[in-house]
Every structure is written in structure tokens, then in C-alpha cells.
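Novice: The primary structure of each chain is shown beneath.
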Amino acid sequence: MHQDDEISFLVDRAKEDPRAFAEIYEAFFEKIYNYVRYKVSNPTDAEDITELVFLRALESISGFKWKGYPFSSWLFRIAHNQVVDHFRATSRRSFSSIDDSEAALDSGVNIEAEFDLKDDAKMIQAAIIKLPPDQQDVVILKFIDGLTNLEVAKIIGKSEGAVKSLQHRAMRNLRKILGSSENE
Amino acid sequence: MSRKKELLDKRIESFLKNAETESLELSSEFTGTMNILEKIQSAAPPKVRDGFKFELKEKLANKANKMVRGDKATLQAGNNIFTLLASIRLKVASIIVALSVFAGSTAYAASVSMPGDILYPVKLASEKIIETMTIGKEAKTELNLNHYQKRLDELEVVVEEDNLSELDGLISSLNKREEAVEKDLSFGRLSGDELKERFREKKEKKEKILNKLPLDSSSKDSKREHEEKDEDANPSKGGGRDLQRSPQTFENETKKSEELPETTQVKGSLRLSRRKAFYFLGHSVPQEPPEQDALLESVL
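Quick mapping for you: the protein sequence lines, in order, are chains W and Y. Going by my numbering, the first sequence opens with residue 1, and the numbers climb by one from there. Going by my numbering, the second sequence opens with residue 1, and the numbers climb by one from there.
Be a bit skeptical, because a hint or two may be false.
[Said to hold, decoys possible] Partner residues aside, some chain W positions facing chain Y, computed with beta carbon under 10 Å:
| no. | residue |
| --- | --- |
| 1 | Ala20 |
| 2 | Ala27 |
| 3 | Glu30 |
| 4 | Ser62 |
| 5 | Trp66 |
| 6 | Lys67 |
| 7 | Tyr69 |
| 8 | Arg77 |
| 9 | His80 |
| 10 | Val84 |
| 11 | Pro133 |
| 12 | Leu150 |
| 13 | Leu174 |
[What the hints assert, rightly or not] According to the in silico footprint, chain W covers these stretches of chain Y (three or more CB under 8 Å from chain W):
| no. | stretch |
| --- | --- |
| 14 | 53-63 |
| 15 | 139-147 |
Honestly, the hints are just simulated from the structure, not real lab data. Where a beta carbon is used, it is the ideal one built from N, C-alpha and C, also for glycine.
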């Protein structure tokens, strides 16, 4: 069975019987956790948010309707909203704007030292956190979770063209952030 | 010429130099992007705390079980409510249907009721309501004619069934209708000849029915009143039947009446007394000796 068909089958089952949601959880846990973990630097916060995402999905799955988008778009949309709510609730910005990252670059902030990075993964994670939220979403969803531009656009509530533009700016900023850290 | 060539060569040289630099920059940007993408995609995913995935799965399973139980309880409660609502709705619907059937039956029964029936006043009341709601003189006259026709039909049945107790009221009602139509006629409200012709036909029918009327104590006055009215209306007729007959004829009729049996079957099941039979045949009732009356009463 094709993966999409399998997911469709699981979703339809879970709509009838919430106990069948366990299989959906198994299929999407890593992707959702990764997305949240990249967005939120604190692992405990990431766990709390991931839990809220799946609980909310379980509660709402009976009302889920196929609208021409993959089920993952719906699930990531919940995750995206939960992350936004999290930052709103804690009233703090765990991410930096591009200006901040550029300022950090100019001021010679050592990302590796700041995050105690030991490998590329951690360095990339630290660099992504420095991006503005929209650019973070595009990088994580497109290059880490492997979603299409259309799916990303649906999740973050922007057009496909805007996603391409965000992607371009995100890559330029990442080059600057990572180039700076490598030079130093 | 050589000067121009020199300038052109310098421009070409400068363009090529810039193009090389830009190309190198683009190449560097592209390479940098590719390196970043490679790093992103080859980077190991963030580590998940041991046990977190399992703990969350347990929580979700408990939640799902609660939801299933809750759904069942809600469904059961919903079923109870729906059963109750269905029961109430069924009762209300039954009452509405019963009332509708009752109202419809009553209306129908009233429309076919005859004088003396319980629903006959309902029929008259409904006619009155229709009359009140009718607008236009011609329409009202038309309605009066229709109601006049109804009274005539009722009179015919009453006479055929020998139901003389209702006769006075019915004839009175009929006369009122007739007066109403005549009033319309006299004031020129009826414009159509067809209506006049219909009214004339109805009056003739009334005459025929009244001629069938048995003459007894209850109906005599009504008939005579009617006849007097006819005389007033048509003096050319020369009065009632009694006046048209000679004393000789009267004697012959008396003899005829003596020859008649005690009871006569007229029009199937209609039983008429001798006195009524006389009237039915268009003869005036002869004077009978008192003992004959007593005998007649005992038979009746």
C-alpha cells in the first residue's frame, strides 16, 4: 500500500475509533518532535508542546476533513499553532530576528561556544534558532521534514511564492551565520 | 579609429573581469548553500528523552479510551433524549392528527347535516361566516342563491322524510333567503339575466316541494303563510287551491278520501296518514267526523 493511502486509511480509522490514533502517533511522532525541538531550544518545552500537539490532534481528528492536502499538513499546522501559543504564553523570544542574527554576526558572537556545539547537527540547530520564525518554519519543514512548498505554505498560512522567497532569505542568512561561526 | 578600438577592448576586458568575479561569487553562494543543505539533511535528528515517546503514547491511549467511553455515554444519553423527544413528538403529532381529523370530520359532518342534527347550527354558522367574508353585491347575491338552494334541498329531504318538526324553522330560513335575493332583484343589484332565471327556477322548485308538504298542525301555518305570500305576489293566480274548487268537487274529493286506505305507501317507505295523503295529492282535507279522527290517531 502507498504511504499516503496507508495514512489515509489510518486517519479514517482513527476518525471512527480514537484508539486507532496510536498508529498515527507512531507514524508522525519523530517529525513533529523534530519540528518542535528545532523551534524550541528547551527540550522540556519541546516535550510539553509535542504532547499538546498530539492530544489536540486526538481530540480533533473526528472532525478532520480531507481538503486536498496531506494529513501531515493538518498535524504540522497544529504543531505550528502550539509553538506560536507557547512563545506567546511565555512572552519570550527564544528565536532572534534576522537583524539580531546579523548583529550577532557583526558582534562576533561565537555560536559554537554559546550552544556548546560539538557537531554539525547542533550547529545547524543553533543557526536555525537564530532565524526569524517564518524562515525557521520553511527550513525545518522543507529541508528537515521534506514537505513540499505547497504543504509548507498551507502550514504557515502563506502563499507558495512567499515560501520560495522565505527559503531564499533563510539560506542567505544561514550562510552568513554559519560562515561567521566557521571563520571565527 | 584605433582610439575607439582601444576603448572597446578596455570595456570588453572590464566586462569579462566583472563577469568572472560575479560568476565566482555566484558559484561560492551556490556552493555555500549546497553545503548548508547537505549539513541540514545529514544532521542527526535531535535526541528524544528515553521513555518520552512511550509515556506520551500511554497518555494518548488513556485519553482515547476515555473518549470512547464518553462517546458511548453521550450516545446513550443522546439516545435517551432522542427517545424522549421522539415520544413527545409522537404524542404531539398524534394529538394534531386527531384534532385535524376531528375538525375535518366535524366540518364535513356539518356540511352534510340536516335540520334537527346536532351539527346543523355549525353549518348555518359557517355559512354566516362565509357570507360575512364575501365582498361584492353580486357575489353576495350569488351566495344567497346558493344558500337558498341548500335550504331547498334540505326542505325536499325534510318533506320526503316526513320530518315535520323542523319544517317551520326551515321554511322561515328559506323565506329569509328568498327575501334577501328579492331585495337584491328589486334594487337592481342583480345584473345578469342568468341569475334571475336561476332564482325563478328555484322558486318554482320551492313551490313543487311545498305542494308535496303534508298538511298537519305544524306545517299548515307555514304553508298557508307561503300561499298567502304567493297570492300577494301574484294576484293573477286568483288565490289558493281551495278557492279554485267548486263545492261539487269538494264533495267528490271527500268521497275519494273515504275510499282511501288507512295508510298509503307513497314514494317507497314514506308512510302518510290519510290527512297527509290528501294534501300530498293536492286536495284540501275534508271535514272528518270526530270518531274518524280518533281512529286515525290510534293508527298513527
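Novice: None of the hints should be skipped; say for each whether it holds.
Specialist: Here is how each hint holds up against the structure:
1. A hinted interface residue such as alanine 20/W counts as satisfied when its beta carbon comes closer than 10 Å to some beta carbon of chain Y; here the least separation is about 8 Å, so the hint holds.
2. Look at alanine 27/W: its Cβ only gets to about 12 Å from chain Y, farther than 10 Å, so that hint breaks.
3. Interface restraint check for glutamate 30/W: the shortest CB-CB distance to chain Y comes to about 7 Å, inside 10 Å, so the restraint holds.
4. Hint status for serine 62/W relative to chain Y: holds, with the closest Cβ pair at about 9 Å, below 10 Å.
5. At about 21 Å, the closest approach between the beta carbon of tryptophan 66/W and any beta carbon in chain Y exceeds 10 Å, and the interface hint on this residue is violated.
6. Hint status for lysine 67/W: violated, given a least beta-carbon distance of 24 Å to chain Y, over 10 Å.
7. The interface hint given for tyrosine 69/W is violated, since its Cβ lies 23 Å from the closest Cβ of chain Y, which is over the 10 Å cut-off.
8. With a least beta-carbon distance of about 19 Å to chain Y, the hint placing arginine 77/W at the interface is violated under the 10 Å criterion.
9. Taking 10 Å as the C-beta contact cut-off toward chain Y, the hint placing histidine 80/W at the interface is violated, the least distance being around 17 Å.
10. Because the closest C-beta pair between valine 84/W and chain Y is about 20 Å apart, greater than 10 Å, the hint is violated.
11. Given the 10 Å rule on beta carbons, the hint for proline 133/W is violated: about 17 Å separates it from the nearest Cβ of chain Y.
12. Interface hint status for leucine 150/W: violated, as the beta-carbon distance to the closest one in chain Y is roughly 20 Å, over 10 Å.
13. Interface hint at leucine 174/W: satisfied, since its Cβ lies 5 Å from the closest Cβ of chain Y, which is below the 10 Å cut-off.
14. Check result for the stretch 53-63 of chain Y against chain W: holds, 7 residues qualifying (beta carbon to beta carbon below 8 Å, three or more required).
15. Closer than 8 Å: that is the beta-carbon criterion, and the stretch 139-147 of chain Y has 0 residues meeting it against chain W, so the requirement of 3 is violated.
This entry does not satisfy hints 2, 5, 6, 7, 8, 9, 10, 11, 12 and 15, going by the numbered hints stated previously.
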